[in-house]
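These are the residues of each chain, in order.
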Amino acid sequence: MTDNKLINLVNITKSYGDNIVLDDLNLYIRENEFVTLLGPSGCGKTTTLRIIGGFETPDKGQVIFEGKDITKLPPNERQVNTVFQKYALFNHMTVAENIAFGLKIKKKSKAYIQDKIKYALKLVNLDGYENRMPDSLSGGQQQRIAIARAIVNEPKVLLLDEPLGALDLKLRQDMQYELIRLKNELGITFVYVTHDQEEALTMSDTIVVMNQGYIQQIGTPEEIYNEPKNAFVADFIGDSNIFPGIMVEDKLVNIFGVNFVCVDTGFGHNKPVDVVIRPEDIDLVKPDDGIIKGVVTSLIFKGVHYEMEVHACDHDWLVHSTDLFPVGTEVGIWVDPFDIQIMNKPESEDEEAVEVEL
Amino acid sequence: MKIRNILKNRTPRSPLNKNTTGPNMPKARWLSFPYMIWMTGFIIIPLIVIIYYGLTNQDNNFTLDNVALILDPMNLKALGQAFELSLVSTVICLLLAYPLAMILSKSKMNSTNFIVMIIILPMWMNFLLRTIAWQNILEKTGIINTVLKFFKLPAVNIINTPAAIILGMVYNFLPFMVLPIYNVMIKIDQDVINAARDLGANGVQTFLKIILPLSIPGVISGITMVFVPSLTTFVISAILGGNKIVLIGNVIEQQFRVGNWHAGSGMSLVLMIFILISMAILSKYDKEGSSLW
Chain A
38 MTDNKLINLV
48 NITKSYGDNI
58 VLDDLNLYIR
68 ENEFVTLLGP
78 SGCGKTTTLR
88 IIGGFETPDK
98 GQVIFEGKDI
108 TKLPPNERQV
118 NTVFQKYALF
128 NHMTVAENIA
138 FGLKIKKKSK
148 AYIQDKIKYA
158 LKLVNLDGYE
168 NRMPDSLSGG
178 QQQRIAIARA
188 IVNEPKVLLL
198 DEPLGALDLK
208 LRQDMQYELI
218 RLKNELGITF
228 VYVTHDQEEA
238 LTMSDTIVVM
248 NQGYIQQIGT
258 PEEIYNEPKN
268 AFVADFIGDS
278 NIFPGIMVED
288 KLVNIFGVNF
298 VCVDTGFGHN
308 KPVDVVIRPE
318 DIDLVKPDDG
328 IIKGVVTSLI
338 FKGVHYEMEV
348 HACDHDWLVH
358 STDLFPVGTE
368 VGIWVDPFDI
378 QIMNKPESED
388 EEAVEVEL
Chain B
557 MKIRNILKNR
567 TPRSPLNKNT
577 TGPNMPKARW
587 LSFPYMIWMT
597 GFIIIPLIVI
607 IYYGLTNQDN
617 NFTLDNVALI
627 LDPMNLKALG
637 QAFELSLVST
647 VICLLLAYPL
657 AMILSKSKMN
667 STNFIVMIII
677 LPMWMNFLLR
687 TIAWQNILEK
697 TGIINTVLKF
707 FKLPAVNIIN
717 TPAAIILGMV
727 YNFLPFMVLP
737 IYNVMIKIDQ
747 DVINAARDLG
757 ANGVQTFLKI
767 ILPLSIPGVI
777 SGITMVFVPS
787 LTTFVISAIL
797 GGNKIVLIGN
807 VIEQQFRVGN
817 WHAGSGMSLV
827 LMIFILISMA
837 ILSKYDKEGS
847 SLW
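Heads up: the protein sequence lines correspond to chains A and B, in order. Start counting at 1 in the first sequence, then tack on 37, and there's your number in this note's numbering. Start counting at 1 in the second sequence, then tack on 556, and there's your number in this note's numbering.
Quick caveat, the hints were computed from the structure, so don't treat them as lab data. Treat the hints with caution; some may be incorrect.
[Claimed, not checked] These stretches of chain A come out as covered by chain B in the derived footprint (C-beta under 8 Å, 3 or more residues): (1) 124 to 136; (2) 157 to 171.
[Claimed, not checked] 16 Å max Cα-Cα, derived EDC-like pairs, lysine to aspartate or glutamate: (3) A:K308 x A:D325; (4) B:K765 x A:E191; (5) A:K159 x A:E93; (6) A:K220 x A:E191; (7) A:K123 x B:E640; (8) A:K123 x B:D745; (9) A:K147 x A:E167; (10) A:K155 x A:E134; (11) A:K330 x A:D351.
Please read all numbers here as calculations on a predicted model, not as lab measurements. Beta carbons: idealized from backbone N, C-alpha and C, even for Gly.
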């Protein structure tokens, strides 16, 4: 991965009427990167994608592509192609005609177009579908055609707007691997929009977590998961326990009146913070071996692990464990210092984390 | 549950179980009964009557003379003129309606419903009344000429000309062109248009390769709904053409007026076949299968 900034969004602001969708957004996307814009609906991720694609014009700010300002350029003059959420195939054309559309517009030779159709169909595992009509195909197949139709144009960037949203779970998982393979084979930049955190974690090089028109955090999947910057990110990515705490001093945080040893420093003395503990990072031990004591109040079998709720310090702690503790068992809660994640409380209303329904 | 009941009632239709009429008859079929009666009484029987009259003479003997009446030079001319005028009005309607439907379908304004309403509104008033109103407007001493005279401008005489008939046809049948085209236009997914732009098509290319082909079913419906009533009309030509321009509709009407049902029916049959052939040709251009045919 080079450090070359392929796309640079500078101070992008966009609103519809009174509704501010994007507020002074700055983001750059490197060459050959798989970037995912992740967030709940209405967070501005799709609008961001549409601004890159040219379907929306920002009220303020610039879109820089390879150093050139393309803010005002219409979609047909941009070197990007889009895969739309609901496929948006041309239903009055065959699969081959769909794929050939962009190449015919560019007046490529017949032989070249034929080669490209063959190549693209092979790439998406749909050889021999040339003469089918799009509405005779399944959702997954239609989405592959939509991808094939986009990539034959050899875009520098492929924009994908929740392309797997309409597919069922199993197919979605298969397609995730297909997309990673495609990206590696094509060697181009993917900008992917989704509200599915698992999809984002699986496929991305970089995840951009967005909420209410603001970027909450940019980082690798590991960084986003292990070191969420604020309560919103922690809550949105995976399950987590988010508790209010007070940073007593470096490497010591007070949660519900109990001091926990952590590894974070530089938050000051006696400062209110948010504390994130992932449910799989909580160890249930014998009552006297833990930092605090609690009682198991619910137990659900989830396949890979058990999901338990432990009532301790008047709060419910979500715990994932492969060990079973029946409801009513008295347990001790132990958390390793490096599993405690300290975050600053949101300072302004803009940054306020919002309850997310998943 | 309902669907399952219908299926359950449908499966045991063996010869042993003949109880398919009465209360046990499948609901869905039972409901279609009034329509069957309606269609038989008011469409199929009249059609048979017309065919019978068209193919017999006064003595109830089979003959093709009534049908052959169309070959009379006067009648051929009336058919030709009707075809010509309805074709012209259909084209004018299409040219007016298509851009309008497209603009309406693209505008996200709240006024869209209002405009659609305005287009439909004239249809709520009596067709005859509206045509007579046009007669008053276009007359030699009508509203237009009164205004022109007031400003000392030369009078226009379009009443009793083909132009007046075309105007009447366009005015009366324009909504039937706008609505079907508007209906297919609003169903075109904006992302499909975006996809075409995304793949490099400019505005004109997107229109020619995507919007136009996808709107063809609506266009076909519209053409059918304007062309057929235009071709068969006798009211518009009688009122705005002042009986100076005789269309095939007027010829047929005249035959019924003088009591010659056989001649009238014979020529009606020819006109019907003429329309069927036109529709068959038209539907060849409609891959998708339009909503009407």
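Straight-line alpha-carbon gap K123 of chain A to D745 of chain B, limit 16 Å: holds (9 Å)
Chain B over the stretch 157 to 171 of chain A, status - at least 3 residues with CB closer than 8 Å: Check failed, 0 qualifying residues.
Restraint check for K220 of chain A with E191 of chain A, where alpha carbons must lie at most 16 Å apart: holds (12 Å)
Straight-line alpha-carbon gap K159 of chain A to E93 of chain A, limit 16 Å: Outside the cut-off at roughly 33 Å; violated.
Proposed proximity, E640 of chain B with K123 of chain A (alpha carbon, max 16 Å): Measuring from Cα to Cα gives roughly 45 Å; hence the hint is violated.
Satisfaction of hint between E134 of chain A and K155 of chain A, Cα-Cα up to 16 Å: holds (12 Å)
Coverage of the stretch 124 to 136 of chain A by chain B (three or more Cβ within 8 Å): Coverage by chain B holds here, the residue count being 5 at a Cβ distance below 8 Å.
Restraint status (C-alpha distance of K765 of chain B to E191 of chain A at most 16 Å): violated (22 Å)
Restraint status (C-alpha distance of K330 of chain A to D351 of chain A at most 16 Å): Holds - the C-alpha atoms of D351 of chain A and K330 of chain A are around 11 Å apart, at most 16 Å.
Proposed proximity, E167 of chain A with K147 of chain A (alpha carbon, max 16 Å): Holds, because 15 Å separates the two Cα atoms, which is no more than 16 Å.
Pair hint outcome, K308 of chain A versus D325 of chain A [Cα-Cα no greater than 16 Å]: Since the Cα atoms of K308 of chain A and D325 of chain A sit roughly 29 Å apart, the hinted pair is violated (cutoff 16 Å).
The earlier numbered hints that this structure contradicts are 2, 3, 4, 5 and 7.
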